[in-house]
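K.L.:
Construct the entire structure; sequences and hints are all you get.
Chains as they are written, first to last, in the numbering used here: chain Y, 6 to 337; chain Z, 6 to 337; chain V, 6 to 337; chain A, 6 to 337; chain P, 6 to 337; chain X, 6 to 337.
What the hints contain is simulated information worked out from the structure, not anything from laboratory work.
A hint or two may mislead.
One copy or two, either will do: identical chains are not told apart, so a pair holds if it fits within one copy or between any two.
[Claimed, not checked] When the alpha-carbon atoms are kept at most 25 Å apart in a straight line, the in silico DSS-like pairs for lysine-lysine are as follows:
{"no.": "1", "residue 1": "Lys196", "residue 2": "Lys177"}
{"no.": "2", "residue 1": "Lys214", "residue 2": "Lys177"}
{"no.": "3", "residue 1": "Lys130", "residue 2": "Lys177"}
{"no.": "4", "residue 1": "Lys130", "residue 2": "Lys214"}
{"no.": "5", "residue 1": "Lys196", "residue 2": "Lys130"}
{"no.": "6", "residue 1": "Lys196", "residue 2": "Lys214"}
{"no.": "7", "residue 1": "Lys196", "residue 2": "Lys19"}
Values in this document were obtained by computation on a predicted structure and should not be read as measured data.
As a plain string of letters, each chain reads:
Number of protein chains: 6
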Amino acid sequence: MSNRVIDRAELLAKYPELVDPMNHPRFTGIPSFFRAPVAERADDVDIAVVGVPYDGGVTNRTGARFGPREVRIQSTMMRSYNQATRAAPFTIARVADLGDAWPVNPFELVAAHAEITSFFQAIVKTGANTLAVGGDHSVSLPILRAVAHSGPVGLIHFDAHCDTGGNYQGSKFHHGSPFSAAVEEGLIDPKRTIQIGIRGGTIVPDLWKFSYESGMRVISIDELMERGVDSVMAEARELVGNEKTYATFDIDVVDPAFAPGTGTPEIGGITSFQAQHLVRGLRGVNLIGADLVEIAPSYDPTGNTGLIGATILFELLCVLAEARAARNDALS
Amino acid sequence: MSNRVIDRAELLAKYPELVDPMNHPRFTGIPSFFRAPVAERADDVDIAVVGVPYDGGVTNRTGARFGPREVRIQSTMMRSYNQATRAAPFTIARVADLGDAWPVNPFELVAAHAEITSFFQAIVKTGANTLAVGGDHSVSLPILRAVAHSGPVGLIHFDAHCDTGGNYQGSKFHHGSPFSAAVEEGLIDPKRTIQIGIRGGTIVPDLWKFSYESGMRVISIDELMERGVDSVMAEARELVGNEKTYATFDIDVVDPAFAPGTGTPEIGGITSFQAQHLVRGLRGVNLIGADLVEIAPSYDPTGNTGLIGATILFELLCVLAEARAARNDALS
Amino acid sequence: MSNRVIDRAELLAKYPELVDPMNHPRFTGIPSFFRAPVAERADDVDIAVVGVPYDGGVTNRTGARFGPREVRIQSTMMRSYNQATRAAPFTIARVADLGDAWPVNPFELVAAHAEITSFFQAIVKTGANTLAVGGDHSVSLPILRAVAHSGPVGLIHFDAHCDTGGNYQGSKFHHGSPFSAAVEEGLIDPKRTIQIGIRGGTIVPDLWKFSYESGMRVISIDELMERGVDSVMAEARELVGNEKTYATFDIDVVDPAFAPGTGTPEIGGITSFQAQHLVRGLRGVNLIGADLVEIAPSYDPTGNTGLIGATILFELLCVLAEARAARNDALS
Amino acid sequence: MSNRVIDRAELLAKYPELVDPMNHPRFTGIPSFFRAPVAERADDVDIAVVGVPYDGGVTNRTGARFGPREVRIQSTMMRSYNQATRAAPFTIARVADLGDAWPVNPFELVAAHAEITSFFQAIVKTGANTLAVGGDHSVSLPILRAVAHSGPVGLIHFDAHCDTGGNYQGSKFHHGSPFSAAVEEGLIDPKRTIQIGIRGGTIVPDLWKFSYESGMRVISIDELMERGVDSVMAEARELVGNEKTYATFDIDVVDPAFAPGTGTPEIGGITSFQAQHLVRGLRGVNLIGADLVEIAPSYDPTGNTGLIGATILFELLCVLAEARAARNDALS
Amino acid sequence: MSNRVIDRAELLAKYPELVDPMNHPRFTGIPSFFRAPVAERADDVDIAVVGVPYDGGVTNRTGARFGPREVRIQSTMMRSYNQATRAAPFTIARVADLGDAWPVNPFELVAAHAEITSFFQAIVKTGANTLAVGGDHSVSLPILRAVAHSGPVGLIHFDAHCDTGGNYQGSKFHHGSPFSAAVEEGLIDPKRTIQIGIRGGTIVPDLWKFSYESGMRVISIDELMERGVDSVMAEARELVGNEKTYATFDIDVVDPAFAPGTGTPEIGGITSFQAQHLVRGLRGVNLIGADLVEIAPSYDPTGNTGLIGATILFELLCVLAEARAARNDALS
Amino acid sequence: MSNRVIDRAELLAKYPELVDPMNHPRFTGIPSFFRAPVAERADDVDIAVVGVPYDGGVTNRTGARFGPREVRIQSTMMRSYNQATRAAPFTIARVADLGDAWPVNPFELVAAHAEITSFFQAIVKTGANTLAVGGDHSVSLPILRAVAHSGPVGLIHFDAHCDTGGNYQGSKFHHGSPFSAAVEEGLIDPKRTIQIGIRGGTIVPDLWKFSYESGMRVISIDELMERGVDSVMAEARELVGNEKTYATFDIDVVDPAFAPGTGTPEIGGITSFQAQHLVRGLRGVNLIGADLVEIAPSYDPTGNTGLIGATILFELLCVLAEARAARNDALS
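P.N.:
Structural data, given as structure tokens:
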């Protein structure tokens with residue numbers, strides 16, 4: 006009816022690739038994740054991308070509460086197709102931005118986690134898979150409480166730290182302990198858990214003993230660099246097998262030269278090229294969900310950390326969408 | 006129906022001020038302008054906030070195409086009420102983010118301008134008033150072509166530069182000439198035009214002769230500093246009278262210590278306190294539209310320029326909403 | 006015995022002003038506050054400078070936990086004498102850096118506050134006065150619990166926000182509410198409280214009604230700019246009279262062009278020149294303690310916020326040392 | 006005659022290596038490229054280094070118009086001899102800074118390109134070879150129109166993107182299409198064209214089909230990382246053979262951790278070490294010109310992008326000077 | 006003869022204001038000061054702009070050796086005419102960039118200073134006036150040794166510090182003492198010296214006693230703010246009278262919010278607006294030379310310090326050119 | 006006796022790992038190196054960590070005088086145990102921060118060096134080993150004069166430059182020549198010297214001829230990348246044998262993408278992962294001291310350079326502590 010709609014429709018008709026907001030010029034539009042549709046509910050969604058702007062579990066440099074916004078902004082640089090793997094996630098899955106699972110009660114960690122779980126349970130009930138953006142790493146625990154509702158899942162974990170610590174400064178729950186807690190709560194199977202990229206100093210010699218004693222496979226940065234990404238990911242795929250598996254990517258696995266915007270940087274990390282290939286190595290895994298955590302943009306003057314985050318989120322979306330499509334194919 | 010909605014509804018019921026997305030924690034949500042509703046059409050909207058991410062008219066440092074996004078992001082820091090003026094713009098007007106008037110054909114300036122005009126015409130037809138965020142200052146011209154459809158309007162113009170230049174490097178239209186063009190096209194009345202904050206060197210002595218010869222009132226930074234904001238704005242209100250008036254705010258009127266993120270910074274400018282008071286001086290003017298231009302975030306490492314931009318946009322919204330309400334009152 | 010001690014002693018003997026670590030070249034030495042002596046206990050100390058690296062009460066941008074370190078670093082730029090006021094704080098008072106009151110249990114806000122109170126109580130018992138560096142503004146409450154042990158004190162409060170809010174997101178205590186809580190706990194006398202520099206939008210119209218209803222004097226930024234610093238501080242001195250008074254300086258009272266490194270920046274603030282003169286206006290007040298809060302260095306690429314913080318801390322030290330000396334004189 | 010000349014001449018006589026401006030302390034002097042002589046005309050020049058400060062073909066983040074200045078500034082860090090290859094470009098060739106080919110008519114892309122071509126034609130007529138610094142990648146096309154005047158040349162192209170796209174937003178010419186246009190205009194031979202470092206997502210699956218269908222050799226980043234620089238460059242040398250060849254280096258082939266200052270960053274790129282070795286692999290190629298493009302310094306807070314650019318420009322100069330010397334030797 | 010010259014000449018003929026390099030687009034060209042002509046000798050020059058990239062006299066944060074380059078770069082933002090004062094310096098004086106007076110022997114301060122003096126003597130002998138850009142403030146001394154060859158001159162000195170200290174760490178000469186040394190050497194007349202903007206702490210109470218005891222007029226920042234720029238400059242003009250006077254502008258007189266890029270920042274300084282008006286207050290003074298010092302760009306992430314520096318240099322050029330023209334008029 | 010001590014002691018008793026200041030939250034405490042004890046004398050110290058904030062030998066970008074402070078700050082991110090090598094340096098050695106060897110006479114390079122030597126002699130006399138943090142690379146020479154008091158030592162040198170130059174601009178001593186001087190003074194044995202990571206252009210072809218002619222082993226970056234870290238370090242260990250050896254680490258051996266904060270960056274360097282492994286390759290060497298130099302934090306907006314510096318300092322501490330323990334074991 007208005008001139009505007011008519012005019013632009015005609016114009017855009019000449020450039021069909023510009024109809025999709027994801028293909029608009031990168032500086033335009035309101036930045037949802039990938040400029041995908043924003044949805045209030047997950048009913049018609051296959052993959053629900055969710056922000057979790059909570060960093061109350063951080064023990065050092067804070068700011069990961071701004072991670073979802075930064076990744077949304079940088080995700081405007083993403084495009085529809087994965088040139089390297091030929092994946093077309095938006096073609097094979099209905100992807101939407103479900104907004105943020107922000108805790109209304111942020112001042113108490115346990116209560117905040119409960120709110121996050123509730124938010125994800127509502128999505129999981131619809132059958133959608135979740136792709137979350139933290140927030141600090143403590144948020145993986147409440148997400149797993151929703152996602153792993155039917156028994157322990159496998160875990161492929163990219164990180165500089167095992168995050169299987171115990172009580173710290175009076176709290177069992179914090180960003181250094183989600184995965185010991187997840188084992189104790191029966192959410193992940195330590196025998197089907199692999200932790201990749203571990204490095205850095207420790208304040209006690211056996212800081213990560215839970216990982217070793219519970220049977221997790223720990224791949225240090227030295228082993229990763231020695232064997233290479235392909236070999237390590239082949240082992241990861243074999244370890245988790247065909248059963249349900251969750252993937253969690255802490256941005257601090259990437260070297261701080263590439264990704265300075267994080268709370269606990271450790272030098273001597275992987276490149277963004279290696280990060281992409283680690284995630285592509287998830288192809289074939291029966292992924293039921295994934296998260297990307299610990300992006301703290303106030304430490305990131307160039308935006309590179311957010312850009313890596315957005316690109317890794319796209320790579321996670323590709324493998325998650327393919328895993329879901331494979332499950333659908335198996336059902337039909 | 007889902008747990009999530011129920012849970013959060015209950016929670017939010019305890020905190021009624023948190024129901025409005027604009028009052029959510031600042032780090033949450035997808036950043037529309039003021040986190041106001043996003044609308045495809047202006048039919049049910051009083052004030053349409055529109056991004057104009059176009060900087061093809063820039064002659065020096067570019068990047069204002071990212072202005073709308075930066076202002077959207079920083080506008081998450083805004084709140085509903087104006088403590089200083091007691092204005093409550095979201096209570097007295099329906100405010101929505103209409104998205105971006107981005108030109109599908111950006112490589113040709115005249116065509117790009119035509120697309121912008123068309124976008125604004127569609128909004129103006131619904132009776133909504135527009136509050137635009139550029140982009141470079143050349144975009145004020147195509148906006149005025151839509152907004153001043155029924156005859157020349159008054160103009161209150163905050164800027165370091167008069168922007169009434171002539172041809173430059175082969176183009177009549179660029180970010181240094183919108184207002185000479187607007188006079189020639191009968192969009193603004195030079196006798197009801199006031200330009201405030203003018204300063205800086207010039208490449209020819211009579212660079213802004215159009216302003217003087219056409220009868221515009223030019224207030225140099227020296228006169229502004231000497232007389233003060235209140236005196237100058239009283240003159241401005243008297244000059245434009247009760248007829249329709251448009252306001253345009255170039256961020257470079259503010260000193261670059263406050264607002265470094267712009268294309269043509271000029272030292273010796275006003276403070277952000279003075280900027281707020283200049284805009285508040287528009288109270289009582291019969292405003293029919295306004296714009297904020299020339300924010301180039303790549304030159305703004307702290308985000309201060311965007312924050313000033315978002316706050317000035319809020320101040321413009323306050324006076325524009327009040328002007329519209331006053332017109333409605335007069336009609337009833 | 007060693008060559009080194011002898012050599013440097015001889016050398017330094019030639020430059021007596023270099024004996025004091027505070028006068029060493031600015032880039033040398035381990036940065037305690039003002040490079041003053043570090044003390045474990047306050048027994049032989051008149052003014053105890055204490056860091057409070059806690060920001061668990063923040064509702065928006067975090068990072069004030071790094072405030073004490075940043076102020077220590079920038080305080081190496083300070084010198085012994087105040088050229089403007091002729092104050093010589095290190096001559097009239099024994100000043101020491103008492104280290105940090107960091108909460109061992111940071112994950113629960115109420116418990117963390119209790120630890121902070123305990124830390125300050127131990128100092129107050131020795132008779133020393135405290136000069137604290139936060140941390141977020143919530144820390145003023147636990148400090149006042151220690152400092153105002155013998156009845157409500159007056160309060161001179163420099164801030165963009167009144168910080169007299171109520172419950173927020175499930176917590177009575179946060180960085181927007183310390184002074185309503187302090188009134189309720191009988192720590193400050195609202196009739197002897199003045200809040201200077203207030204501005205910014207609010208999410209509800211009567212956000213700071215507690216200030217008005219309890220009888221605090223609220224000086225908006227507009228009143229401050231209109232009347233000037235001297236007039237306002239004369240009123241402040243009269244208001245608090247000769248009784249015990251505490252001063253609290255939130256760095257966000259300063260305009261973000263000067264001090265971007267803070268969690269809740271509000272444009273339209275004061276200059277650093279005005280900030281210095283506000284603090285100098287405390288001369289003659291019976292100050293028993295002071296704090297400086299809300300410096301978040303990750304938002305401060307130039308270090309200017311920390312430099313202003315360190316300079317304001319020096320100005321606070323000058324007036325606090327003079328107030329203490331005046332009390333001592335009165336006793337003798 | 007003056008003291009100064011005598012004094013400094015005597016002084017400099019003691020330090021013969023300091024006579025050459027290129028060897029002056031890095032912080033001195035007016036920054037021409039390599040602090041080489043500035044020339045108005047190319048008559049006595051072998052290698053003309055030219056800036057092309059034009060970024061009107063950019064579709065995303067702008068600012069490459071400041072690339073020539075930034076590279077000039079950072080080129081003051083360069084030195085005369087290449088320690089790795091033993092090349093001495095300033096000894097074997099007369100190198101001069103010819104200034105900037107800036108378009109007088111920048112608002113129309115086609116006209117601007119014509120001006121650039123004209124500028125380079127004037128140089129090419131003198132027999133000099135050109136080494137250009139953009140500017141966006143669209144400028145390679147007008148340069149090739151001047152340089153490849155006697156028939157299609159080979160092309161060795163380092164980039165994250167093939168830049169062989171078609172019409173985009175109404176323009177056939179932009180920074181994503183110079184090489185499809187160059188094939189169509191008979192300026193480069195697609196069979197003698199190799200594109201190295203290609204990666205990133207695409208908005209349509211066959212975005213770069215022109216490269217494949219026209220017979221260009223496309224080396225993805227994965228193939229490059231798998232085979233290594235030496236193998237790929239051996240193939241490149243074989244592909245182009247002994248005929249005239251042009252080299253074009255888009256800085257975005259380098260990973261954004263190394264070179265963030267560019268318009269379309271793609272993570273997962275090469276290191277600066279690999280970049281140097283790619284260019285050194287041009288040794289032996291019959292190079293007749295080269296360019297370096299897409300450096301946008303406003304996105305580069307450390308200056309690293311400019312430093313890599315200046316160093317790559319030096320490496321390009323080495324191989325171009327050697328190629329020219331080889332041609333001269335062949336003639337004599 | 007070449008196409009290029011013809012083409013561009015024709016083009017430029019259409020835009021006569023573009024013939025002058027100073028009016029070319031700001032991002033083009035090799036950045037000499039103001040993009041003025043570069044000259045090896047001062048014989049045909051009225052005002053010689055000279056860089057002095059030496060910071061060996063710095064006692065704290067270094068980097069002013071990069072000041073001349075930064076000011077050259079930012080001076081590309083300057084234009085030919087002064088809109089506020091109507092000065093046209095390039096019309097009434099022949100202005101050239103004489104390059105840098107860089108010391109060949111930088112490791113010994115006294116020798117370095119001697120080289121700087123020699124460089125300026127060569128210029129002074131031609132009758133040209135010098136406008137210098139440091140470098141640290143110690144360079145004013147060797148410049149004065151050349152410029153004040155015929156007896157002590159008056160001095161108008163803008164600075165946060167008096168710079169009339171004594172020996173520091175074993176050296177009589179450093180950036181805190183040039184003007185006590187200049188008095189002792191008979192280069193300046195303390196009775197015709199005024200120091201404006203003084204502030205900050207001091208390591209000893211009477212740090213600047215030389216200023217007071219020698220009879221200099223010291224205007225503290227408080228007096229300047231109280232009386233205003235016009236009153237203070239009227240006093241300055243009266244103090245120096247009609248005799249020869251030199252002006253020196255230390256960028257740290259400007260507040261670090263405006264000019265963070267300096268070695269010894271002091272908060273509570275002047276705005277850039279005040280800085281411009283201070284320099285304009287030199288109109289009518291018999292200026293024989295001027296300098297601008299202490300710009301350290303590595304502490305200046307936005308470039309604002311350099312931009313203020315370049316603008317102040319332009320203002321200094323205006324008053325210096327007018328003073329010279331007035332002397333010439335008086336002679337004729 | 007005070008509440009505070011009791012309270013915190015009880016609290017800390019629950020968290021024994023928190024008793025050690027090194028394990029306190031990273032944002033707390035006054036930043037000595039590793040938050041180790043600060044000592045005035047080395048009598049009870051095995052490894053004395055010393056800052057050398059002197060950069061008077063720099064020929065290009067300055068600021069390394071701030072290196073010790075930056076490394077102290079970033080060293081708060083370090084932890085007690087080396088997860089990769091299982092080293093526990095604080096368990097096997099008494100480590101203390103001895104403060105800064107700052108020259109009282111900084112304006113004369115030779116005198117400053119003498120002061121530094123004197124400072125280190127005093128430490129060496131106590132039998133402690135020194136781990137120094139510069140400052141520019143010229144400081145290695147005065148340190149070696151103290152440390153190599155009983156005859157020439159071996160040297161393992163990580164750097165982009167050989168630093169065996171001759172006179173430069175009138176000074177034999179500067180940051181490009183410490184190791185030619187050290188050979189000439191009999192402090193190091195060139196036959197037991199290896200220089201690793203050499204690259205970059207040179208102003209004369211044979212700039213580093215001293216290295217080659219004196220018999221040092223020079224490993225270029227190309228050889229290092231070709232052979233790998235393990236092979237090169239095996240050669241290094243064999244070359245120096247069991248005799249006393251010193252290690253010096255210039256941060257510029259690391260690529261500027263990782264470590265931009267340095268005075269003479271050279272692209273094409275090593276990663277931080279390689280840097281860690283180079284230092285770990287010192288295991289088994291009879292190390293008697295080490296230094297880390299050339300960190301200039303004003304060029305380091307993210308703090309990454311300081312973080313790499315702190316981590317490398319920790320790695321150096323590990324191998325130095327182990328070497329000392331091995332000597333002690335051999336004695337017992």
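K.L.:
How do Lys214 and Lys177 come out at 25 Å by Cα distance, when the copy is not named: within, between, both, or neither?
P.N.:
within (16 Å within a copy, 39 Å between copies)
K.L.:
Can you tell me if Lys130 and Lys214 fall within 25 Å by alpha carbon in one copy, between copies, both or neither?
P.N.:
neither (35 Å within a copy, 43 Å between copies)
K.L.:
Under a CA distance limit of 25 Å, which applies to Lys130 and Lys177: within one copy, between copies, both, or neither?
P.N.:
neither (28 Å within a copy, 35 Å between copies)
K.L.:
Have a look at Lys196 and Lys177 and pick one of within, between, both or neither, based on CA distance no larger than 25 Å.
P.N.:
Answer is within; shortest intra-copy Cα gap is 22 Å, inter-copy 44 Å.
K.L.:
25 Å Cα cut-off: does Lys196 pair with Lys19 within a copy, between copies, both or neither?
P.N.:
neither (55 Å within a copy, 32 Å between copies)
K.L.:
Between copies, within a copy, both or neither: which fits Lys196 and Lys130 at Cα up to 25 Å?
P.N.:
Answer is neither: 27 Å inside a copy and 56 Å across each miss the 25 Å cutoff.
K.L.:
Evaluate Lys196 and Lys214 at a C-alpha cut-off of 25 Å and name the case that applies: within, between, both or neither.
P.N.:
within (15 Å within a copy, 46 Å between copies)
Of the numbered hints stated above, those contradicted by the structure are hints 3, 4, 5, 7, listed in ascending order.
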